[in-house]
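*Asks:* Given next are the chains, with one letter for each unit.
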Amino acid sequence: MSVLSGQRAWLLQRITAIYAGLYVFLAVALLLARPPADHAAWLGLIAHPVVWLATATFIVLMLLHAWVGLRDVILDYVRSFVVRLTALATVAIVFLMLGLWALWILIEAALR
Amino acid sequence: MEFSIYRFNPETDSAPYMQDFTLADDLIEPGMMLLDALLLLKEQDDSLSFRRSCQHGVCGSDGMNINGTNGLACITPLKDLKAPIVLRPFPGMPVIRDLIVDMDNFYHQYREAEPWLINESPEPEVERHQSPEDRDRLDGLYECILCGCCSASCPSYWWNPERFLGPAALLQAARFIQDSRDQATEHRLQRLDDAYSLYRCHGIMNCTQVCPKGLNPSKAIGDIRRTMIKRSV
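Taken in sequence, the protein lines are chains H and R.
Position 60 of the first sequence, counted from 1, bears residue number 60 in this note's numbering, the numbering being contiguous throughout.
Position 185 of the second sequence, counted from 1, bears residue number 185 in this note's numbering, the numbering being contiguous throughout.
Pulled out of the complex, with its shape left as it was, chain H reads as follows:
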């Protein structure tokens, strides 16, 4: 089974969707139950180890989920091998940068 096998990508998309669904549900419930009063409270919430880890995991899994989705669109519609490879690489690089940027923001929030 290759890294980009059909089954692995298909399963990855579904598992990440389950986590993302649970995270969004719990995050909304938490924010409704205990809305942060100010910026300091918001930072405190994000810096809480459980929230921090759950959010970091959410970001990584959401990007993986989106990667499989965009990969599917590219595999469906882009016929030229060179263009397909370029599109896949571009999406991968952009997602990697977005992930690192989001994680950096989380780390900064935790260190304050």
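For the record, the hints were derived by calculation from the structure and aren't laboratory data.
Just to be clear, a hint being listed does not mean it is correct.
[Stated by the list, open to error] Among chain H residues calculated to face chain R with C-beta under 8 Å, some are:
#1 S5
#2 G6
#3 Q7
#4 L11
#5 F25
#6 L75
#7 D76
Just so it is clear, CB atoms sit at the ideal spot from N, CA and C, and this is done for glycine as well.
Let chain H serve as the given structure and place chain R on it in line with the hints.
*Replies:* Using the frame of chain H, we list chain R on its own:
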């Protein structure tokens, strides 16, 4: 009754066009099928080309796009169709002439599914036995007549006909994966586990909607995925 039929003869036409036909009301009989009407129209213009053979929905020859939906002309009642009846060849397949399409790629993908029993154990003196329950698992899979209505209605097959096997071939893959007498399940599943062969299916379900035999290729594809997951955990 009015008809609008796709015409294209590569020897004389530079581009396809739609031709209007009229079938006189006194020629229309109760219980008439679309194929009966086409045969009458062919008497008006014998250059009108379409495939047909058994005329009973068994051979799968006369698949075409009927008022926007793929189906078999021989089992489509004329009275159920809204006039003018628009007939086109299967979408996504190269046209040979009029309503006749080139199905080479469709059959190639069928062969890719290895639609035969693979069993290396010595041949028994009588047939290879199956329990009634194991035999029941083949119902809804073996009845396919390879008319092509499903694959020709599948957008994933339109986009990647050379690499996505299409619902008809995948239904046959499922038929042999489910067969208790087959010993090549692992081999079959491995062949399907790439980005294109099986997983270009996005559950659009046009295949299930148009199948003239009432089969469910979409479910068969889901069953293959489930079998793959069960085998890999």
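*Asks:* Next step is simple, just say for each hint if it's right about the structure.
*Replies:* To see whether the hints hold, each was checked on the structure:
This hint holds: H/S5 has a C-beta 5 Å from the nearest C-beta of chain R, less than the 8 Å allowed. About 3 Å separates the beta-carbon of H/G6 from the nearest beta-carbon of chain R, less than 8 Å, and the hint is met. Contact between H/Q7 and chain R, as hinted, is supported at the beta carbon level, the nearest pair being about 5 Å apart and thus within 8 Å. Because the closest C-beta pair between H/L11 and chain R is about 7 Å apart, less than 8 Å, the hint holds.
Here the hint on H/F25 is broken, as its CB sits about 24 Å from the closest CB of chain R, past 8 Å. Hint on H/L75 holds. Least Cβ distance to chain R is approximately 6 Å, under the 8 Å limit. Restraint check, H/D76 versus chain R: the minimum CB separation of about 5 Å is within 8 Å; hint holds.
Going through the hint list in order, the structure does not satisfy hint 5, though it satisfies all others.
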